[in-house]
Structure formats: C-alpha cells, structure tokens
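Q: Residue numbers (this note's numbering), protein chains in the order written: chain A, 1 to 437; chain B, 1 to 419.
It should be emphasised that the hints constitute simulated quantities derived from the structure, not laboratory data. Beta carbons are placed, not taken as given, at the ideal position from N, Cα and C, and that holds for glycine. Some hints here could point you the wrong way.
Said to hold, decoys possible - Not everything, but these chain A residues come out facing chain B in the computed CB check (under 10 Å): (1) 23; (2) 41; (3) 151; (4) 246; (5) 259; (6) 262; (7) 267; (8) 364; (9) 365; (10) 417; (11) 420.
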Amino acid sequence: MANQPSIHAGVRALARLKKRRRSEAIFRAFGIAAIVFAMCALAWLLGSIIGTGYKAFYQHSLTLEVELTESILAPNGSRDPDTLRRANYRRIMQEAMFTRFPDIEGLSSADQRAAKRQNFDIMSTSGGPNYIRQMVFKDPAMVGQTITVRIPTSDIVDQYLKGNLNVDVPEVQRKISDRQIAWVKTLRQSGEIKAGFNKRLLFSTDSRDPELAGIASSFVGSLMTMFVTFLLAFPVGVGAAIWLDEFAPKNKAVDFIEININNLAAVPSIVFGLLGLAVLLNWAGMPRSAPIVGGIVLALRTFPTIIIATRSALRAVPPSIRDGALSVGASHVQAVFHHKLPMAAPGILTGSIIGMAQALGETAPLLMIGMVAFLTEIPSSLTEPATALPVQIYLWSDSAEQAWSERTSAAIIILLMVLVTMNGIAIWLRSRLEKRW
Amino acid sequence: MPPRSLLTGRTFMEFSIPAYCALIAAMGVLAYMSAKRRAMHVAAGTVTNEISRSFHSRPNFHGVFAAGLVTLLAFGVMIGGVIAGLPGWLVIALIVVLAGLAFAYTRTTIRANFKARNVVEFAIKSGLVICSTIAVLTTIGIVLSLLFESLRFFKDVPVLDFLTGLQWSPQTALREDQAGQSGAFGAVPVFAGTFLVMLVAISIAAPTGLMIAMYLSEYASKRTRSIVKPAIEILAGVPTVVYGYFALLTVGPTIRSFAESLGASVPTQSAIAAGSVMGVMIIPFISSLSDDVINAVPQSLRDGSYALGATRSETMIKVVFGGALPGIIGALLLAVSRAIGETMIVVMAAGRAANLTANPFEAVTTVTVQIVALLTGDTEFDTAKTLSAFALGLVLFVITLILNVIALIIVRRYRERYD
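Could you build the full structure based on these sequences and the hints that come with them?
A: This is the structure we're talking about:
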C-alpha cells in the first residue's frame, strides 16, 4: 500500500490542485473587487457632490458707494412708509454703478443703454435694490446720505470669478460680456469685489435668484416635520414593541400584526405619501403642504423601524432581569417599565435616531402631500405651508445652471452633515451606554 | 381658502390646541400630586387606627389613576369640542367642569381595597395594544384609500385597458374633443420601464452585494470587517434624493459622453443611469441581509466540507451558498421590492415620457415617476389623470406586498431551519 503512488501526487492531481488554487484566488479577487467597487462608488458620489458643492459656501460681493438721492426716493420730501416702500431702489443702484464707472457716458447712446444694463447686471439685480430698501425702511433718516454697502454680485459674475464659466467662446455665446469682464477685473483688483463666506446659504430663505437663495426655510420645515414625526412615532413604536415582546399572546392575530409591521417597513415610501394625500388631505381636510401632515406621514413610515429596533433592544436584555423583579413582587408592568425598559433605552434610542435620520432624508412622500412650497419666509407654525430640506434639494436640482447645481450640492452637503451627526450620536450612545451581557 | 373641518365647516385648528394641551397637562399633574398625597394620608390613617387591612395599591398608583382619568376625559372633551366647532371658552369650561367631576370621583376611590394598580396597569396594557394595532390600521388605510381612488379611476378606464394597454400619455388629450383630461392610460410601457430599471439595478447590486457578503463572512479579518462593513452601510444611509442628484449631475452625463466617444448617442436621463445608481444604493441592503443568512449557516457544515479537503471558495459555493440559498433569495426579493418602489432616483434620472423599450440606454419612465408627475403641482383630484396615479400606486403596493410577504416567509422559514 505504502509504495503505491498516491492519487494526490500525480501530474494530473497537481494540475487539478493548481486549477483549484487558481479558482480560489479568483473568487477571493472577486470579493475584493466587489468591495472596491462599492467603495469607489461611494467615493465618486461624495467626491462629485463635495467637488461641486464646496464652491457655494463662498460668494463674491461688491462694495459700493450708494447715494440715496432724495429726488428719486422721496420726490415729495415725505418719509412715510408707503412712499419709501414703493420708491425706485433699482434706479438708485443703477446710478450708483454708473457713478462708479463714469466711462459709460462716452459711449454712443444705443451702446450706452446696453452698457448701463450690463453694468447694473454685475450686482444681484433683485438683491441689491432690496437690500437698500430694507435699510432705508428701517432708518428713513438715511435718505439723502451717501452710504457704503456690501451686496452680492450676480450669480453670473460669481460663477465667472469662481472659474466656472468658459470665457474662450465668442462673446455672444456666453452669459458675461467682454465689458463686464473688464469691469469685474477692475473691481476685483481694487478689492471692491471680494469673496467671503456665504452666510445667505445658511440663513436666507428660498429665492428665484441663486445668489440670494438659502436653506433656512426648508431647514426649519424639516425640523418641524421631524418634531411631529418623533412625537408620534417614538411613543407608538416603543409601545407596540413592548406589547409584542412582553404582553402579546402567541396567536394568529399577533402573528398577523408582526407580518404587518415587517411588511410596512418595506412598503415603498411613496405609498405612504398617497395615503397621506387620500386620507389626511382629501378626506380629513388637513392643510396642504403643512409640516403636521408631513410629520404624520413620516411617522407612519418610521414607526415600524422603531418597533423593530426596540424589539431587538428589549431582547438583548437578559430575562433574569425581569425574573428578578418579578420574584421580589413587582407586577409584570412594573418589571418591564422599571427594569427592562431603562436597560434597553440605549438600544432603543440608537434605533430611533437611525430611524429619524432615515425620515429626515425622505422626499417622495412629502412631494405627494405638496410640501413643495416656494417660501420666502421661514414657516412659523405646524399648519403653514412649508418645505423640507430634501425637497428643497429636489426643487433646486431642476435648474440646470451652474449656480444652482452648486447650491444643490451644498444643500446636500449640509443634509449629509446633519445625518452624519445624527448617526454619530447614535453610535456614540451605543458605545457609551450599551451594556454587554 | 383655508381647509375646513368636515363636520362644521370651520377652518381647521381655529383653536389653540397647544393651549388646551397645556391646561390638560397642568390639571393632570395637579390631580396626580393631590391624589397621591391623599392616598398617603389615608394610608397613614388606616395604619394608625388599625381599622382594616393595608392598602392594595401604592399611593402613586392612586395618583396615576386620578391623573389618567382626568386627562383622558379632558382630552376627549377637547377633541370633541374642536371637531364640533364649539367656541374656545365653552371648551375650556367643559374641560374644567368634567375634569373636576372626574377628580371628585377619584377622591372616593382612595381607599384600601380599591385596586388602583390593576386599573392603571390595564390602561397601560390597553394603550400598548392600541400602539400595536396602528400598524394594522395603517395597512388598512393604505389598502382602502388606494382601492377607493382606483375604483373611481376604473369607472372611467376599464381595468383591462389599464393593465394591457400599450399607450401611456395621461397628460395630453388624444383627440381634440377630449377636453384635455383623459389621454391614454395603457400602463404596460410604465411597468416595462419599472422592470427594466429594476433589472439594471439588481444585476449590479446582486453580484456585488453577494460577493461582499461572502468575502466579509469567510475571508475578511476581524479588522477588515470592522472597517468595511460600516463603510458599506454609509451607502445605505445616504438619502435617495442625493443618489438621484448624483445620477443626474454625474453618472448620466458621464455615460452620455462615454457613449458619444464610442459614436453612440445616449440621453442624460436613461434606464442605465438610474438603474446603475439604484444598484449602488441597494448593494448594502443585499450585502447585510445575505451576510446575516450566510452567518446563520452552521459552522459544522463548513467544517465538514473543509475536512473533506475543499478549499474555502469551494466550501462557499457548494456548501454554504446552497445552505443559505433560501435566505439569499429572500434578500433578493426584498431588494427587488425596494428597487421597484424607489422613487427619487428614477424621478431625477430615468425620464418622464413613456417608452416601451428593452434597451437600457434609452429614457424610460416608471410607476413611481408617473405617480410623482401626475400628483405634484396639481390640486384637482377628480380627473382621470390624477386618479390614475392611485391606480399605479395600487399596482405598486400589491406587487411590493407580494414580494415582501414571500420574502418574509422564506426568511422566517430559513431561520427556523437552522435555529
């Protein structure tokens, strides 16, 4: 026996072995390739968003001397609010720009008109006059004085200075004229146009002009919606989980409830939006676009997730805790609420925060209930029209201009940062408070 | 016009509900403190006088009983008052009077043999049961609302035409005299588009997700696993609107310019752009579910295979994969259901016009895209156009329901097999 050649040592056997080892290596390589693919996709996603979005966090603004000419603002000499509200601030700003570039005077009259318009277009054409209007309205005594203001440049100038506009094409094909480029260069060199942190992005409401648009209104809308969602989904989710885990009898009805919950967690979110539209808006007559409706819809979407998280947290608490409480005379309810629930709290909180983070990124159901309002004011109550941050992202993404896509990406960066913070808190809670049994 | 209450025609929430709630909460706290003190007092009295046996329930249960009764009643009055549209002062008067009566009643229950704890615990358990039934109520609400609106739609458009028609153009009238509302409602192109995008997504996500799961569970060191697993899960935490924007801003144009360099023309919005980004979104879903089921396969099966001289990949493919197959199929079904129901990616990157094609390099439309297109911006809810969105929603719900239930049953059976 010992002298016979083993079937594992022959030439064919060695070839077979080599082949098997090779397929082993190939399999392993596939595994690594899959991971690398997923990681590259993630990196590409984040890279493209951050790459376009970071530019929206700074913005160019123009320092300008503005003469608040009385003959334009208040020709009759009165300072009553109505006159001041309706006064021609656009003209004031045009004159201010014209004073800064008096060379325009030398042009032929037809050319002069175009030049004046282009000249004015360097600044944000609605933001500039509005800014002055608000200042004058606050302090009517300013009329007649000359003041120095800082106003945002138009989005075209901003894009040009950020290097996003291709200026190598003929003048008619671009949005910025040779003349404007020359002016902007002058202003840039003299320091009158400067880049600074874009506070408007964070603290302004939505606007038709990209240079003035911000996420404040949609952020507040999201906060309100999340408030309602949490208020509804958290107690209901935790309550349902406690009942299912602790008190529910084992029968068909409870089985049905469990399948229901698992199924609800996998129902497409847009279906919840249809539910909200049909039941809350059309049948119950609740206000359209309101955070309270959005909150209810997202609560219905989120509470199955909270139930599932709570149940696994409750199951992680060893039964001896409950048995101990029962054995010293606590009732079942006391054993659960005094002992089991506090011990499961970190897990429940972690799961709930993750559920809330999901709800915060939810867009489709909110589109269904009309939370797509264009808001120039921050919503102040739960029944007023509002919009949410992800919906704002969707709305902005519709505009193809570079200035908008920059802001869309910036809004995404902000949304992702909020989500990262929420998940970070969840992970921190889990590692800090969770007990291992 | 502000929305009005169904019963009275009053504008909704004309009363300050938070103010009522504050009042009710304050009364509840007062009732609790007062009843608890009273119970302690009475209990102290019974002990010193040695009249009867000791108290059944601890004082705080008497407190909770009083507070619960008062707040529940007051809350009921508030809701009734708001729905019936009573004036604010009347609601407050009713709340105070009825809550006062309830409180007076709870005074009489503070005695040794009143089983306050049992009542309170029964109330708590009932509350928990109600919480659990909300899941069922939600499902019923979804089914009823979708069915109801769909039936209204099917009065105008026969079911068969909807399910088998090849022409989908709800936004535009087919003939001049159609008054602009009922176009063609043949949903087959919409279903086909949904299926095509799903197919692209799954054909990217399934192999990638499975390979990741197999690698992480069989090859990766603990350290690699602890880095790679959370990193993959970041993909699951990114909101879908972000994926949609990524598809629109980056992936679509990239595919287009790549095709152009090959001499082909692909629109920015295409099934391949939407599907591939959706595939990336689904990867963590498949990988973590399959990771679970692969880990549930008993170690003894692996050990047996290794003992026979099999390599790790042979063990994986021929033993573990076979053992985990039902669970993996369940995971894939859940992923398919998710791909079908996904909305934002396709809304932003797949296209709006119905297009019956099997070519992933063309723009297609999906069920969810059509629902969004039909229902956003329109406040008219009685046209066939808007109602058709509910019919599409019903189809979407039924299909995902079937997929989910089959998947849940398979996964459950599978777990029981190895438990």
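Q: Would the hint on residue 262(A) be counted as holding, given a Cβ-Cβ threshold of 10 Å to chain B?
A: 5 Å, holds
Q: Given residue 151(A) as an interface hint, is the shortest Cβ-Cβ distance to chain B below 10 Å?
A: The hint is violated - residue 151(A) has no Cβ within 10 Å of chain B, the shortest such distance being about 29 Å.
Q: Verify the interface restraint on residue 259(A): the C-beta must sit less than 10 Å from at least one C-beta of chain B.
A: Interface hint status for residue 259(A): holds (6 Å vs cutoff 10 Å).
Q: Tell me if the interface restraint on residue 41(A) is satisfied: Cβ within less than 10 Å of some Cβ in chain B.
A: 4 Å, holds
Q: The hint names residue 364(A) as touching chain B; please verify it with the least Cβ-Cβ distance against 10 Å.
A: For residue 364(A), the interface hint holds, since the closest Cβ of chain B sits about 4 Å away, which is under 10 Å.
Q: At a threshold of 10 Å, is the proposed contact between residue 267(A) and chain B supported by beta-carbon distances?
A: 6 Å, holds
Q: Regarding the hint that residue 246(A) lies at the interface with chain B, is the smallest CB-CB distance below 10 Å?
A: Given a least distance of 8 Å, the restraint on residue 246(A) holds.
Q: When the nearest CB of chain B is found for residue 23(A), is that gap smaller than 10 Å?
A: Holds - the Cβ of residue 23(A) comes within 10 Å of chain B, reaching about 6 Å at its closest.
Q: Go through the hint on residue 365(A) and say holds or violated, using the shortest Cβ distance to chain B against 10 Å.
A: 9 Å, holds
Q: Please verify that hint: residue 420(A), Cβ, nearest Cβ of chain B, below 10 Å or not.
A: 8 Å, holds
Q: Under 10 Å, Cβ to Cβ, is where residue 417(A) needs to be relative to chain B, so tell me if that hint holds or is violated.
A: Status violated, d = 12 Å.
Checked against the numbered hints above, the structure violates hints 3, 10; every other hint is satisfied.
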